[in-house]
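Protein chains: 2
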Amino acid sequence: MHKLLLSTSFAVLALGFSGAARADDLLTLQKDAKQWALPTGDYANLRYSSLKQITTENVSKLAPAWSFSTGVLRGHEGAPLVINGVMYLHTPFPNVVYALDLNHESKILWKYEPKQDPSVVPVMCCDTVNRGLAYGDGKIFLAQADTTLVALDAKTGAVAWSVKNGDPSKGQTSTAAPHVFKDKVFVGIAGGEFGVRGHITAYNVKDGKLAWRGYSMGPDSDTLIDPEHTTALGKPVGKDSSISTWQGDQWQIGGGTTWGWYSYDPELNQIFYGSGNPSTWNPKQRPGDNKWSMSIWSRDLDTGKVKWVYQMTPHDEWDYDGINEMILADQDIGGKKVKTLVHFDRNGFAYTLDRTNGELLVAEKYDPAVNWATKVDMDKSSKTYGRPLVVDKYSTEKNGEDTNTKGVCPAALGSKDEQPASFNPDTGLFYVPTNHVCMDYEPFRVSYTAGQPYVGATLEMYPPAPDTNTGNFIAWDARAGKIVWSNKEPFSVWSGTVTTAGGLAFYGTLEGYLKAVDLKTGKELYKYKTPSGIIGNVMTYENGGKQYVAVLSGIGGWAGIGLAAGLSKSNEGLGAVGNYKGLAEYTALGGSLTVFGLKD
Amino acid sequence: MHKLLLSTSFAVLALGFSGAARADDLLTLQKDAKQWALPTGDYANLRYSSLKQITTENVSKLAPAWSFSTGVLRGHEGAPLVINGVMYLHTPFPNVVYALDLNHESKILWKYEPKQDPSVVPVMCCDTVNRGLAYGDGKIFLAQADTTLVALDAKTGAVAWSVKNGDPSKGQTSTAAPHVFKDKVFVGIAGGEFGVRGHITAYNVKDGKLAWRGYSMGPDSDTLIDPEHTTALGKPVGKDSSISTWQGDQWQIGGGTTWGWYSYDPELNQIFYGSGNPSTWNPKQRPGDNKWSMSIWSRDLDTGKVKWVYQMTPHDEWDYDGINEMILADQDIGGKKVKTLVHFDRNGFAYTLDRTNGELLVAEKYDPAVNWATKVDMDKSSKTYGRPLVVDKYSTEKNGEDTNTKGVCPAALGSKDEQPASFNPDTGLFYVPTNHVCMDYEPFRVSYTAGQPYVGATLEMYPPAPDTNTGNFIAWDARAGKIVWSNKEPFSVWSGTVTTAGGLAFYGTLEGYLKAVDLKTGKELYKYKTPSGIIGNVMTYENGGKQYVAVLSGIGGWAGIGLAAGLSKSNEGLGAVGNYKGLAEYTALGGSLTVFGLKD
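Chains E and C supply the protein sequences, listed in that same order.
Residues in the first sequence are numbered from 1 upward in steps of one, following the numbering used here.
Residues in the second sequence are numbered from 1 upward in steps of one, following the numbering used here.
FYI, nobody ran anything at the bench for these hints, they're computed from the structure.
Please note that a few of the clues may not be correct.
Computed far set for chain C versus chain E, every beta-carbon distance over 12 Å [as the list claims (entries may be wrong)]: (1) LYS61; (2) LYS209; (3) ASP220; (4) PRO236; (5) SER447; (6) GLY522; (7) ASP600.
Within a straight-line C-alpha distance of at most 25 Å, the following computed SDA-like cross-link-like pairs (lysine to any residue) qualify [as the list claims (entries may be wrong)]: (8) E:LYS52 x C:ASP600; (9) C:LYS523 x E:ASP600; (10) E:LYS111 x C:GLY582; (11) E:LYS52 x C:LYS599; (12) C:LYS581 x E:ASP101; (13) C:LYS182 x C:PRO219; (14) E:LYS581 x C:THR56; (15) C:LYS164 x C:GLN452; (16) E:LYS107 x C:ASP600; (17) C:LYS61 x E:ASN58; (18) C:LYS599 x E:ASP518; (19) E:LYS111 x C:LYS164; (20) E:LYS599 x C:SER60; (21) E:LYS61 x C:LEU102; (22) C:LYS546 x E:ASN58; (23) E:LYS527 x C:LYS546; (24) C:LYS61 x C:HIS104; (25) E:LYS599 x C:LYS164; (26) E:LYS527 x C:ASP467; (27) E:LYS61 x C:ASP467; (28) E:LYS599 x C:ALA63; (29) C:LYS111 x C:LYS482.
Just so you know, even glycine gets a beta-carbon here, dropped at the ideal spot from N, CA and C.
Kindly generate the complete structure, drawing on both the sequences and the hints.
This is the structure:
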């Protein structure tokens, strides 16, 4: 670790920390709009801020206030945290953490740079991304690429404790932000393309002691599923609901990784998240529904016990990972307040569920291009209730191995990937960064070797029609399951969004623009070209009486892997990279934060 | 080369190029304030712009308009060129060149990335910097680190021709920008710390054919000195004026490299530049004046013949390279217009000469800390006329080998290094980024091996007094030899400056601030923190009726070598890096361009 001198001002500031040193203070902190204390903004993953200094009226006066280069190239996902005048900023591998003093020229209070074996880099499927930090109990939590979860003293950057959550030599890596809810820190695992069996793990924030681990597949003792009390679409799942949907031992290398954003409902004391694709990408090699890959999970925070689970894409044939965020918005439906969970899945359907029991309320396409399924069967009396009705033509299972299934929409990267959507309570709408991309998909047989790629398909991705846009930024009504408005973007919108009480939605683009649009109409009111393409998440905070909007730029991630890894042709990377034709004309690598405020 | 698709708009733009394809059009281009067609702004190195949309009155409304990451870390010196709506941008090693379309979202029209043997990197003394590009005859000229001079078609980025100017295996590298004057492109050579014998070389812009080469030392046939017609302080230099001031063959590994900015006076048809330190840094190993290291040169553009030469620091004992820029300002002195040359030397003296004949008019300290010499002897009747009067205490020659001479000011990096000053004709003053740093210097005996460091001294650098500032931005009256005003900066000002008809001087700081100050008073009127520390040169241009100010940020260079090379202690790099205590609290690596305009 490279520890820098502390400024004297920080000693004063430190008093604030000791006051906020209990993890359950997060419940308060996450409601304080001046802070951005969670990687998801708040427990519910709304990514909504009640700040309203910047409004639709004055946003044209927005301008960069300051900027900060991270010193690292390649894809910068996630967003910084802001807690009591200090900004905590992360980078992709090697996962540097900076604490910046917002009250003193954004000086570096401390810097932490872990020592990691660089052999982890080639096991990272989709660039060397890291999606950010968590805060709790006076500590900053970092999930390193090599799966080490480290707790840093927020005042000094000193390591309080660290645990090893997985084994990169088996293809296990960390890309997701850790999440602190109450007294625990939760981490997932990545590596679905290496046959990693996914799990979510809870550690005590105090000392890093393992609290529980729940697998995405395997026997009930591993999944923490209770055959009688865990439900799926209202019914008990029964004994060994997972392994009964797999052939042989395939579930042991069955994927279902957990690298997305997690949410928490303190009233229900349940955490919500999604599991990823089953391994391999070749569906023929894994007959069955492959439960519980591609599922939404509701688990008890304290014990990990599963309350309900819902599989969106049984027996995936397209790599439609279910890891995207669960937005816990309370909505009026039919005149009554419903505790909903809204989820925009890679498979192109937006799901609205009752999060108290997992009841499926709405499932509609949020990208008009989606063609692999006609709809999700909403007929409760049907045998296929809750399942997508797959179109034969686009079934890579039916077409078989070594056959190129053409024109499947969405592509493997989904109608949306990890880039998080937001909910605005003032409009009651969701603001969703989307991809508008299709693919050809050709599965082939692979054999498993620990730590080696276990993909089993080749892809080519491209726009739904030649030379059309590959992204849309949309406003979504999750009660009706309808697009309210949609803004075309030349490239996939691969940036997380935030909305504010100022009537604005903010998002970034792959060319590098930070944009502000009117929540009601989608009208673009401001844009600025940051140094590099944006795959980070926009956030907002207040400091010294002034509202700021901040975003990381730094092209890379799956969206920019071609640029990040220096590939020049499509199909050289994992999945294809050729779909963003022309992106290299707009931007080059480079990680930096740009912070915006109203120009005085 | 990685050639990108051309936008259709560029085909139209290309017509403009063919019209401007003759090299002597540079004479016109350099007078067009909308352009920034030379790395020095104009032939005279004034770095003055007659643009005045941005003024002292409205500069507070300045804000970043757009930014662009270069995709390269480490030190970013120099500035982009702007010619007819296209910006040409360079990077440090690997020396990528981008052509950006200013009329279409600053899209990348083409990108050129040379293939260079990375073994050149360890032979670069002071980071992997490159100071920019030149334009002429419809070509963009790049001097690669490995000394390859390449001419690129400005329209397409295709290589028109290339020549090898030196040999990195002998320590020869390129860091300076090439300079196009009339029909020739001029390049220098770096490597004074590797015993490289310096030279300046002229190639024909048309085809890269060698026109002439003039060495800094050696026989008259090498230096292109005419014993009878070349003068020094008004007198003919006589036969073999160089080798007669060296012992034995030491001149063959004698330094005097040529990595600074060059100027040109079309009326005189003379080019002006400086030569660097004699090798080694251990003065005992090279008795004599070591001519013509540490000298100002005036050469005929067409033939290279030397008109006059003036050695500022005979027998250097402190590494006070004479390479800093020569500013060809015409000034009223004693009621008469004098074609002056003004030069702020590393040795801490600012020289004003009559550039028509090399007459020394003024030589005064421009940093109050300077102590190694009491003054430059201005008594024409004196035997030491034109020479600095060295203070014994600070003579590392007198104190001898293996003795640490303490408290010498300035330090080896000089009261100013390559970061160029500017001249404002409206105030008649020079605006100078300066260092305020002292050193301990201990020479030791070394032996020469081609391609190996040949330094011969260790340094430690520090502020003149504990915890004082290490930089000043000053306004200088070169007629009187006096500081008019001086702004303290916490760190050396390592950014080139530009001044405008709007009454403003712009410069950057090592923390990363772009600053605008009032020319008359030095009052700071605007600042913005760019992503990384600034060692680039500020430039200004007009496009679409709007004035812009642009600067590269990217900490590194000699000033930031500790950060750039990841050193954590002083004395780990060449020369010491510990003088900028605290700089790492402000900034991290990362190369990006920030472009400013008045906020609408």
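To see whether the hints hold, each was checked on the structure:
The beta carbon of LYS61 of chain C sits about 7 Å from the closest Cβ of chain E, which is not more than 12 Å, so the claim that it is off the interface is violated. Every CB of chain E lies more than 12 Å from the CB of LYS209 of chain C, the least distance being 34 Å, so the non-interface label holds. For ASP220 of chain C, the condition that its CB be more than 12 Å from all CB atoms of chain E holds, with the nearest at approximately 48 Å. Distance check on PRO236 of chain C: its Cβ is at least 54 Å (rounded) from any Cβ of chain E, clearing the 12 Å threshold; non-interface status holds.
Consistency note on SER447 of chain C: stated as away from chain E, and its beta-carbon is indeed over 12 Å from all of that chain's, at 37 Å minimum. Separation of GLY522 of chain C from chain E is adequate, the least Cβ-Cβ distance of about 20 Å exceeding the 12 Å criterion. Non-interface status of ASP600 of chain C relative to chain E is broken: a Cβ of that chain comes within 12 Å, the nearest being about 8 Å off. Simply put, LYS52 of chain E and ASP600 of chain C have alpha-carbon atoms about 22 Å apart, close enough for the 25 Å limit, and the pair holds.
Restraint check for LYS523 of chain C and ASP600 of chain E: satisfied, since their Cα atoms lie roughly 19 Å apart, inside the 25 Å limit. Proximity of LYS111 of chain E to GLY582 of chain C is assessed by CA-CA distance (about 13 Å); at most 25 Å being required, the pair is judged to hold. Taking the CA atoms of LYS52 of chain E and LYS599 of chain C, the gap is about 22 Å. The hint holds against a cut of 25 Å. For the hint pairing LYS581 of chain C with ASP101 of chain E, the CA-to-CA distance comes to about 18 Å; that is within 25 Å, so the pair holds.
Taking the CA atoms of LYS182 of chain C and PRO219 of chain C, the gap is near 28 Å; set against the 25 Å cutoff, the hint is violated. For the suggested pair LYS581 of chain E and THR56 of chain C, the alpha carbons sit about 44 Å apart, so the restraint of at most 25 Å is broken. For a cut-off of 25 Å, the pair hint linking LYS164 of chain C to GLN452 of chain C stands: about 20 Å separates their Cα positions. For the given pair, LYS107 of chain E sits about 30 Å from ASP600 of chain C by alpha-carbon distance, which is inconsistent with the 25 Å threshold.
As the CA atoms of LYS61 of chain C and ASN58 of chain E are separated by approximately 15 Å, the hinted pair is consistent with the 25 Å bound. A distance of roughly 21 Å separates the Cα atoms of LYS599 of chain C and ASP518 of chain E; the hinted pair therefore holds under the 25 Å criterion. Simply put, LYS111 of chain E and LYS164 of chain C have alpha-carbon atoms about 43 Å apart, too far for the 25 Å limit, and the pair is violated. As the CA atoms of LYS599 of chain E and SER60 of chain C are separated by approximately 9 Å, the hinted pair is consistent with the 25 Å bound.
Between LYS61 of chain E and LEU102 of chain C the alpha-carbon distance is near 22 Å, which keeps this suggested pair within the 25 Å criterion. Simply put, LYS546 of chain C and ASN58 of chain E have alpha-carbon atoms about 23 Å apart, close enough for the 25 Å limit, and the pair holds. Restraint check for LYS527 of chain E and LYS546 of chain C: satisfied, since their Cα atoms lie roughly 18 Å apart, inside the 25 Å limit. Straight-line distance between C-alpha atoms of LYS61 of chain C and HIS104 of chain C comes to about 24 Å, which keeps the hinted pair within the 25 Å bound.
Restraint check: the Cα-Cα separation between LYS599 of chain E and LYS164 of chain C comes to about 50 Å, which exceeds 25 Å; the hinted pair is violated. For the suggested pair LYS527 of chain E and ASP467 of chain C, the alpha carbons sit about 42 Å apart, so the restraint of at most 25 Å is broken. Using a Cα cut-off of 25 Å, the hinted pair LYS61 of chain E and ASP467 of chain C is violated, with the two alpha carbons roughly 39 Å apart. Only pairs whose Cα atoms come within 25 Å are accepted, and LYS599 of chain E paired with ALA63 of chain C is accepted, the gap being roughly 8 Å.
Taking the CA atoms of LYS111 of chain C and LYS482 of chain C, the gap is about 45 Å. The hint is violated against a cut of 25 Å.
Hints 1, 7, 13, 14, 16, 19, 25, 26, 27, 29 from the earlier list are contradicted by this structure; the remaining hints agree with it.
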